[in-house]
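Student: Residues per chain, in single letters:
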Amino acid sequence: MTLALKAIPLPLLLYVLGTVASSTPETFHEELTLRPLRDGKVISRFSFSTLLGGAIPRNPDVLDAGNTPQHYSLFPLGLGQVLREYAATELHLSLNSGKWEYDRWGYPDEQEVGTGAQLWAWIGDGGQATVDERWKGLRNALAGLFCASIGSLDDQRTTSPTLAFAPEGDLPAWPLPHHLRHATLPSENVCTENLTPFLKLLPCKGLSGLASLLNPHRLFDADWHGMSVHVSWRARRGVEVRLAFQAVFDPVRMSTDRKRDWSLQSIFDRTIPKACPIAESSRIAVELPKNEAYAVDPRPTSVQDGVAVYDTSQVNDLDVSLRWPLESVFSYPLDHPAEPLSQVSVQRTLKGTSQSRGQLSVSIANSLPSEIQAIYLETMPWHVQFYLHTLKIVVDGQARDDLLSDIAYTPPEPHGRPALLESVLTLPPNSTTHLDMEVMKSFLRYTEHPPDAQRGWDLPPAVLVNFTPGGRRQRLYTRTLLVDLATPDFSMPYNVIIMSCTLIALTFGMVFNLMTRKFVVVRLKKGEKASKEKAD
Amino acid sequence: MNWKDFRLSFSLLVLCRLLLAVTPYVDSLELDHDHQLSSPTNSYVRLQEGIFLYKHDVDPYSGGAFYHSPLYLSLFTTVLPTSRFLCRLVWTLVDALGAWALVGIWRERQTLESSSRDTLIAAAYLFNPYLFLPNLALSTASFENMLQLLALLFACKGRASPALFFASILLHLSLHSVLLLPPFILLLLSSPHSHLVNPKFFIAYRNPKASLGTALSYIGEFLVYAAIMSLCCTTVAGGWGWVEKTWGVVLTLPDLTPNPGLWWYFFTEMFDHFRPFFLMVFSVHLLMYVAPICLKFQHDPLFASFALLGVLGMFKPYLTLADPGLFLSMYALFPEIYPYLYHPLVTTLLHLHAALLLPLFHSLWLDQGTGNANFFYASTLVFGMANGAAMVDAIWAGLRIAVGGRQGEDEGEIAVVQE
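Residue numbers (the numbering used here), protein chains in the order written: chain P, 86 to 621; chain C, 17 to 435.
Derived by calculation from the structure, the hints in this document are not laboratory data.
Take every hint as true, because none was put in to throw you off.
Only pairs whose alpha carbons sit at most 20 Å apart, straight line, appear in this in silico DMTMM-like list of lysine to aspartate or glutamate:
1) P:K436 to C:E46
2) C:K71 to P:D491
3) P:K477 to C:E46
4) C:K71 to P:D486
5) P:K610 to C:E427
6) P:K603 to C:E435
7) C:K71 to P:D487
Over the 10 Å line for every Cβ pair with chain C, so calculated as not near, a few chain P residues:
8) W190
9) P252
10) A370
11) P385
Just a sample of chain P residues kept apart from chain C, beta carbon distances all over 10 Å, derived:
12) L122
13) V337
14) V392
15) E412
Quick caveat: nothing in here was measured; it's all calculated off a predicted structure.
Every residue gets a Cβ at the ideal spot worked out from N, C-alpha and C, and that includes glycine.
Chain C with its partners taken away, still in its complex shape:
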């Protein structure tokens, strides 16, 4: 199949999504108030509130419920529309851009101009319920995912400046994307190709003469872009109050609105005396995954960033369905590990279980009043187990593939164990 076929099928997929976005039935579902699909940091209703306050000369960061970055304020008061109908179209196009970036990453990994799996990968992103439902709820997590994939695409292509630029914008939308900076740098220096089967120490394929200095120059460029973005944010917000309300919010968790993540109920039930300690523990816990995963997967930095996205998709403070959704869609990029997955059926069933229980128990607790908070909390624990199973299985398969011998193991001649 040549490129013309993919263009056609991709357009068809996007058209289907557009049709889904404009059906009046979706409006009646009132998805934008759903706590699974949008969290306080990426809710459309709060974005509207912030834009309204900003337009009426009230500082949206002086209090209240607005936790979005000032970049959204500047974007929606100038370029992007604020009416609901047009926003749905914009969000669908954002998702389409993310799907296109995912296909581009796949093509870079396989060094192909086009392949027969392109349509499947685009469909895996566009029709993943974990991704299109938050998109229909107009959650700004779609923007975050799109920027993440664009940054990864340019990093795979080896173009440092666009990649670091998109990464710096993403830093302002979601502080925890800074955890993906190390595999980014590694990806810029090496290649996106699959070296899972024969792992070696890190080889800077793109630039054999690269040294620590090159890496530091990339980091420096990223910091410069981030500083420029910070100055833009300060100009838009008219002060430095936005820092506490955007980055500070994910570190101090002032808003305890329920979401599918693990933080909210933990910090609801926490006594005040221990709050700062556990906030520190949870944040440092995320940092701890970066170095080991990057070291272990130094031969394949794209897989390292995939694994870290899995970690983020499970342990982020204000989680929505879109964060593990990105991780699950990126599974499509690594078909080589499928034979080595240890428990794919268990993972699928856990996800199905959680996906059915989460909205049910949420509605029982808050809308109907016949359940209590524990029901929803239990379903978030199941969701956490599902995400954990998916992430651990991916890492296992990524390491196990280096040993090989699938057939021998199936026939009972050999056994592969860990020691």
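Only chain P is shown next, with the shape it has when bound in the complex:
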């Protein structure tokens, strides 16, 4: 493909692309944001969005009518086919690894930072297949597309929250409503084989433009990394696929001289060789440090609001670097920042040492001077069952049960669907709210335990959705928990069956012996013939 591109002269290529683009306007934008933090780390966020102008999601009513041929030039064909096959209107998939530290890194640009795999989709009702059948097909198709075990997000992990996951785009006004399906798999590991299909969905693949910086050796060495795919539809624009990759690097750890100076070469071990010719806009935004002496190289195209912007639509081996020339060695700041990086933070733990019960404890700190209304969402697999009547809310030592309202609870089904607890929580200003609830740990069947049963089960993160003053919904994810469930002895099925059945059979035998036999008196007088006397 690259050889063919080099053979065709550039003006002819642009003409061909222009004619193709004018029939179904497809545009591609790419952006890289780099933000250095106080503790020396650098948050990098890649965002690649392909817009299929004028397109409408497929109506499930016409699923049986057969697919009309779709011609894409920039829009990823594999993903497009999957979306049309299962008539999904909006889709968000994230594959993350690590725990996002809100206190130290602030709020992420890409909100979906829950550990593991998370998939949520708005699917319209209609047609022959039900929403659940198409959800299952969508999961399995995405599992094949991304080489991740998304197919195991089955009934035991799927819920339908009503408030927390509102559609980010628009939903077409069809006669039947859309339904949300949400599932998480916290124990999913992310690695190169998930990155490779991700890169294949980009128009320039990983060969030119900003995507050429995605070096798996460095990305998966980062303190936190996650990739996400977002598909949404805007009424006046069309269907947009946005692929994002977020990673938190530690230049101090990777440097030889304990300095926090970084460059694209030092972080990614690569530079940008050339621009992606199809990108309509391509830029790198570097947040510049405040109140510190820094040197950024090369000269940025423009500096707006403390952000150095590089226009990378025409580059040749670009390497952006940010140095602190007055610093010889980076010293980790031991004091707390003047302003917390995240105004609302959540901690969730599972307490208790018993394998039959425990206590789920959530503490939410609100450092804003005003009261916040937030939605608290908990999707708990049936392995851990809530005792909702033990839910207690304590704010700074005082019991405040009035802070939790509009509780929507779906109880879990053993060996089936997870519990769904969604409620509106009012967080008082400048305080820490503690929620405590007793939970019961279930006892699983022999065949339900995984092969490494003593590791425990990963519990999905809780989600706290609060509304920023700008009206945007902000989702905070707690960390995943590991619950230790009681295991039977795996070497003993035969022994248990025979021992229990022996006891039952012996008792049965003795009782039925007594039922069916008669008593007989035998005279034992010495010297006399024993005579029998039937007695009953």
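With chain P held as given, fit chain C onto it using these hints.
Tutor: Same frame as chain P, but now just chain C:
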């Protein structure tokens, strides 16, 4: 001793139990989470959870851990209190009612207004650790035992309607109480008096002109009461989901929480392919005891129901200590069989053994993590042996007493064997 003395001693016993129920030390023991004292079908914590969900307009039977009958929901949202302290008093009074019913059954059996053994029998029920510990843990097994004894009392008195009414309520609390219906009918038709010594074929003492039709009319009355109760349950629960979650649970065993019974570990280790077959086998196994025991003890239906309670107390799916506890307390009603018990010491020692091992191994497995599930399973096997020994010994003695000749056997003149 006249009746005034029993009233006084009974009140003293109940007072002692009330004092035990309200001591703060009992609260600190956290008995209501103990797996020996309450099972998923009669746990107080799950009852609280169900009542909470019901009060907040969530269907408690749509999922989750609530396996109690809707009758409990209606009772606790209207008449009975839900605060812990008042619940302890209510549970103690339930036990007192059960003890009073047991004494009443004894009196009916002996045809006495009062006897010198009344206090002993009341104490055998109120101070049996297998019964008062689940009661302190607020397990609803106390309600089941109380209703069982009340139904037996009215059956002994020959009053069919109250007996069948209580039996139909009991059917909704515990499905396996339907196994006791045949001896119930026999008891209603005949008498509670002890005919163990001279067994004959069944004689309908109360109604010489009784026929199969009378028995069928009793069964019909029971079914009518049960149907009315089912409609009440459906009204309370707002649908038929409660059937799968109350009666279905004891047949399909979805919850594998450990208990002193034999089912949970068996079905934990069972492969999925064989689950339905063995669930069927275990349930049909319980059914198989009904006819032979009723036929063999047709001369004494109260003893037949006692033997069947022993069977249930050993083989119930969600067993607690209260089920064999009822059986052991009812031993007090049959003093005539004591000389003919074959191995009472072995039974007592096995029970002591099991009673000490069960909480120890349970704590080692789940709380401390130094033991594994096999320890607790072994102690449930010992408990099963203890229950089996008690039940088989009672049946042996009940049959052996008909032959008599205890003294001759002791002196070595005769030997009584089975053939």
